[in-house]
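Start from chain A and add chain B according to the hints.
Protein chains: 2
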Amino acid sequence: MTDTVISSATKEVKIGFDQPFVIIGERINPTGRKILAEEMKNGDYSRVESDALAQVAAGATMLDVNAGIPLADEPRILAESIKLVQSITDVPLSIDSSIVAALEAGLEVYEGKPLLNSVTGEDERLEAVLPLVKKYDCAVVAISNDEAGISENPDDRFVVAKKIVERAADYGIHYSNIVVDPLVMPVGAVNSAGKQVVHLVNRLREELKVNTTCGASNFSFGIPNRKGMDAHFLSMAIGAGMTSAITNPLHEEVMQGVMAGNVVMGHDANCAAWLKRYRQPAAEGEGAAGGRSGRRRRRSA
Amino acid sequence: MTDTVISSATKEVKIGFDQPFVIIGERINPTGRKILAEEMKNGDYSRVESDALAQVAAGATMLDVNAGIPLADEPRILAESIKLVQSITDVPLSIDSSIVAALEAGLEVYEGKPLLNSVTGEDERLEAVLPLVKKYDCAVVAISNDEAGISENPDDRFVVAKKIVERAADYGIHYSNIVVDPLVMPVGAVNSAGKQVVHLVNRLREELKVNTTCGASNFSFGIPNRKGMDAHFLSMAIGAGMTSAITNPLHEEVMQGVMAGNVVMGHDANCAAWLKRYRQPAAEGEGAAGGRSGRRRRRSA
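Protein sequences, first through last, are from chains A and B.
Numbering of the first sequence is given in the numbering used here, commencing with residue 237 and proceeding in unit increments.
Numbering of the second sequence is given in the numbering used here, commencing with residue 237 and proceeding in unit increments.
Careful, some of the hints might be misleading.
It does not matter which identical chain is used: a pair holds within one copy or between any two.
[As the list claims (entries may be wrong)] Keeping only pairs whose Cα atoms sit at most 30 Å apart, straight-line, the calculated DSBU-like set for lysine-lysine is:
{"#": "1", "residue 1": "Lys512", "residue 2": "Lys463"}
{"#": "2", "residue 1": "Lys431", "residue 2": "Lys512"}
{"#": "3", "residue 1": "Lys431", "residue 2": "Lys463"}
{"#": "4", "residue 1": "Lys277", "residue 2": "Lys250"}
{"#": "5", "residue 1": "Lys431", "residue 2": "Lys398"}
{"#": "6", "residue 1": "Lys398", "residue 2": "Lys270"}
{"#": "7", "residue 1": "Lys445", "residue 2": "Lys431"}
{"#": "8", "residue 1": "Lys371", "residue 2": "Lys277"}
{"#": "9", "residue 1": "Lys250", "residue 2": "Lys512"}
{"#": "10", "residue 1": "Lys431", "residue 2": "Lys250"}
{"#": "11", "residue 1": "Lys270", "residue 2": "Lys445"}
Just so you know, these hints were derived from the structure itself, not from any lab.
Bound-form chain A, shown alone (with noise of 0.2 Å):
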């Protein structure tokens, strides 16, 4: 029963088994956005204050802010990236970037606990981020690769993964505070890629007891119909135990996927959140029969 709080100076936000899934919102991300790229390279933030508002707006939990630009320099964007989405939102933030000097820049200016976006089980990686997580008293997202690059056996992911929970520990950093993105390989190359991520999720919460987030588009990567497929990867990582994902809230399908993930876990008192956002003044099928069971009733009586 783990929760990850974080929190902005005034919302807390908890990532934990028996919450509500938290969506990160990904779309404050320059990588292969040259438009955005462009823009924030030149100190024009219009688009990424329009993508935060439209994100929150959309459902998003939290926001990822990256701002990797090539030949920028990316601590100063980052931290006013930062700024402006804290002044126009009170979601916290995922502060995400592979530079150690931007992630500093980020934390610095960032008011309240972010996530911080990511660690992985490199020992330089390890050495740059850990120090920070402990300084800053923040949440790290813990990649489960290292200088070995990516296994394809998951059960090497969750050694590497065990690896950054315990050299976290050694910095003094609880596990509470760590989110392994366990790594999700596309399905159309591997086969098993599905019951990887139920194998690892199951693993990486009995054993590790942590929290769970992912990139659950590349699931999805090279087959066709991917916003169909990432609803329903979601909605059944969600039923294997996973308690984040960073993903795109403007995509109806993957809300979906996640508001009848947290329905059918039980994570949706009352189904309140799928009613508000589902029900119509004169919704159709509404007063129709029910299904099976209402019907055996039925005619039982």
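For chain B alone, kept in the frame of chain A given last:
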């Protein structure tokens, strides 16, 4: 690793722990379908025929055939419907009636090994139906209610299922010929309905080693966006180990949920079924950038 083998004269289907999920088409059922009921009563089976063909074309693995029409000659109508459906399709059938004489009439004319739908934990029903299962060497759906009705406590329903499996053993019926319906509650009324299904499917597999089925749409009774919820309920049920469902393959959402469930569980080798259904000559986004780990790999390269 239990397989329940069902067959027509020419085709065998396995409901099993390591098999693709079995979709039992629910449409041939006059309950709540006035026009169909009237037609069947008058010997007009044109709609039975078109419903059979449409469901098979949509992806049904099996078809349920029910002829429950008040004040009609149900044994005759059910037998005629089964003969007709078997003459135009090759999928195995589920013979569905609450009237024992109708079940027997269906068994008399059936070619192959059908799924009998159903027996309950009521003593009278057990004593009437189990001898038929033994005599015709078929499989049977075991619904986990008894004289006391449907318990809201899932562990009570497990006890009923166990009673049926044990009673069947007394008749010489192997547990692999019993497919338990643990009874899905409407989540709008019972907030833990989803967790009950996960819990029960797990117990039924581990302790009784039986396959499972359900009337999936009962879960969404009374809440909006039923098809969306049905689809995610199904994929998550597949993730939890459910092995078949009586449902409507004509709903695209439902088929998508089942097919995604098969992909995530590794029961769609090389995603062949998914690709066949969703691949288009120039599908959008297929060549686009991958998700998280793809990005990570590129950036660290």
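Against the structure, the hints:
For the identical chains of this complex, Lys512 and Lys463 are neighbours both inside a copy (23 Å) and across copies (17 Å), given an alpha-carbon limit of 30 Å. Only between protomers do Lys431 and Lys512 lie at most 30 Å apart by alpha-carbon distance; the minimum there is 22 Å, versus 33 Å within a single protomer. Proximity of Lys431 and Lys463 under a CA criterion of 30 Å is satisfied in both settings, with 20 Å inside one chain copy and 26 Å between copies. Proximity of Lys277 to Lys250 under the C-alpha cut-off of 30 Å is found in neither arrangement, the shortest distances being 33 Å within a copy and 58 Å between copies.
Proximity of Lys431 to Lys398 under the C-alpha cut-off of 30 Å is found in both arrangements, the shortest distances being 20 Å within a copy and 29 Å between copies. Within a single copy, Lys398 and Lys270 get their C-alpha atoms no closer than 37 Å, and across copies no closer than 61 Å, so neither meets the 30 Å cut-off. For the identical chains of this complex, Lys445 and Lys431 are neighbours both inside a copy (20 Å) and across copies (20 Å), given an alpha-carbon limit of 30 Å. With identical chains, the CA atoms of Lys371 and Lys277 are at most 30 Å apart within one copy only, with a shortest distance of 29 Å there and 78 Å across copies.
When the C-alpha separation of Lys250 and Lys512 is checked against a cutoff of 30 Å, the pair qualifies only within one copy, where the shortest distance is 21 Å, while the shortest distance between copies is 41 Å. In this assembly of identical chains, the alpha carbons of Lys431 and Lys250 lie at most 30 Å apart whether taken from the same copy (26 Å) or from different copies (21 Å). Taking the shortest alpha-carbon separations for Lys270 and Lys445, neither the intra-copy value of 39 Å nor the inter-copy value of 54 Å comes in at or below 30 Å.
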